[in-house]
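Undergrad: Residue numbers (my numbering), protein chains in the order written: chain C, 1 to 114; chain R, 1001 to 1109.
Because the hints were derived from the structure by calculation, they are not lab data.
Just so you know, these numbers come straight off a predicted model, no measurement behind them.
All C-beta atoms in this analysis are idealised placements derived from N, C-alpha and C, irrespective of residue type, glycine included.
Possibly wrong hints are sitting among the right ones.
Partner residues aside, some chain R positions facing chain C, computed with beta carbon under 8 Å [said to hold, decoys possible]:
| hint | residue |
| --- | --- |
| 1 | 1046 |
| 2 | 1088 |
| 3 | 1097 |
| 4 | 1099 |
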Amino acid sequence: DAGVTQSPTHLIKTRGQQVTLRCSPKSGHDTVSWYQQALGQGPQFIFQYYEEEERQRGNFPDRFSGHQFPNYSSELNVNALLLGDSALYLCASSSGTGASYEQYFGPGTRLTVT
Amino acid sequence: QKEVEQNSGPLSVPEGAIASLNCTYSDRGSQSFFWYRQYSGKSPELIMFIYSNGDKEDGRFTAQLNKASQYVSLLIRDSQPSDSATYLCALGGGFKTIFGAGTRLFVKA
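Just chain R, with the same shape it has in the complex (with noise of 0.2 Å):
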């Protein structure tokens, strides 16, 4: 079993739409949850971190936290054609973050 599990895509929406993506994750020891969204050819960048359970808003984006189901995901409300990307589910603990192999998402106008 992988230790962080996302479904590849693509995931199409209409733009205006909300994007739900989700991860589930093996290790129980997992302190820190990241989303990160990486455009083609480009570097991840960081939008959402989640240590808690529950949910935790920044604007657009809200990212939602089950430790005893052992998933995370992340909601992307008003979906635009600009948040078509790879979106990068990671989880840390110790000294070692572990990624998803990520969720192209694809938005369309």
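Extracted from the complex, chain C is given alone in its bound form (with noise of 0.2 Å):
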């Protein structure tokens, strides 16, 4: 039973730059939900994705965005990248939109921006 893969594992990125970071659901899911973790911080929600569109959004600048493909996998995409991007970026996924679902991580990315 493949769990949730996400890619690349680590990226480098320069201030400014745009990035896109990929996701792949657990098999039988169908909702996506991303997160971002700064260091000694709990991961904090950007947003989830069903049936290809935002459900909803927390408190990130438009600067992040999203998209759901049909096979339910997903990215995430940050423009202008700033220094204070980086971090852990995770992505979950459940079955059944919503939070009151059992949602289950990937390995996460981790953003450096310089």
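Two chains, two separate frames, one set of hints: put the complex together.
TA: Right, here's the structure in full:
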């Protein structure tokens, strides 16, 4: 049973650049949520995708955008990178939309902005 | 007031003891409650979830929920050094899951 996968595992970008992170949900799951985790903090909710639509968004600027594909995989795009965007980006999948369902995390993408 | 409060720790317990981790929350509309374990440099791993008041046991883990007092706790019996990690409390409601900052647990051999 394939779990949640994310790519790439690590990424180094320069301020002002754009980045795309990818996520494939766990087999049987149709909902993908993205989180940002800074060092020493809990994951912060960015947004959730279900049926190829953004269902809810956390307190993140429009520089953060996403997409979900018909096969339920998802991308997170961040434009005009800032130093403060350096963090671990986590994708979590669940079966069913909303936050009441158990979510399973991928290994994460470590983004460093220099 | 933060939405989810956890003591950052570290909480240090000897091997074989019971570790008690607590979490309080402010949103009475929260419907579901989760505990995740996160090893250093790794992603969170779901270990328990609870939706109703009372206790839920799974192996060495027991989750306790008291909605009236707005707290949820996690007990780890017979703690092992491999349990040393950060434990994240998370609340679900609507489409959004809110995480606490986590409690670091250290189990001494």
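Undergrad: For every hint, state whether the structure bears it out.
TA: Going through the hints against the structure:
no. : hint : verdict
1   : 1046 : holds (6 Å)
2   : 1088 : holds (5 Å)
3   : 1097 : holds (4 Å)
4   : 1099 : holds (3 Å)
Of the numbered hints stated above, none is contradicted by the structure.
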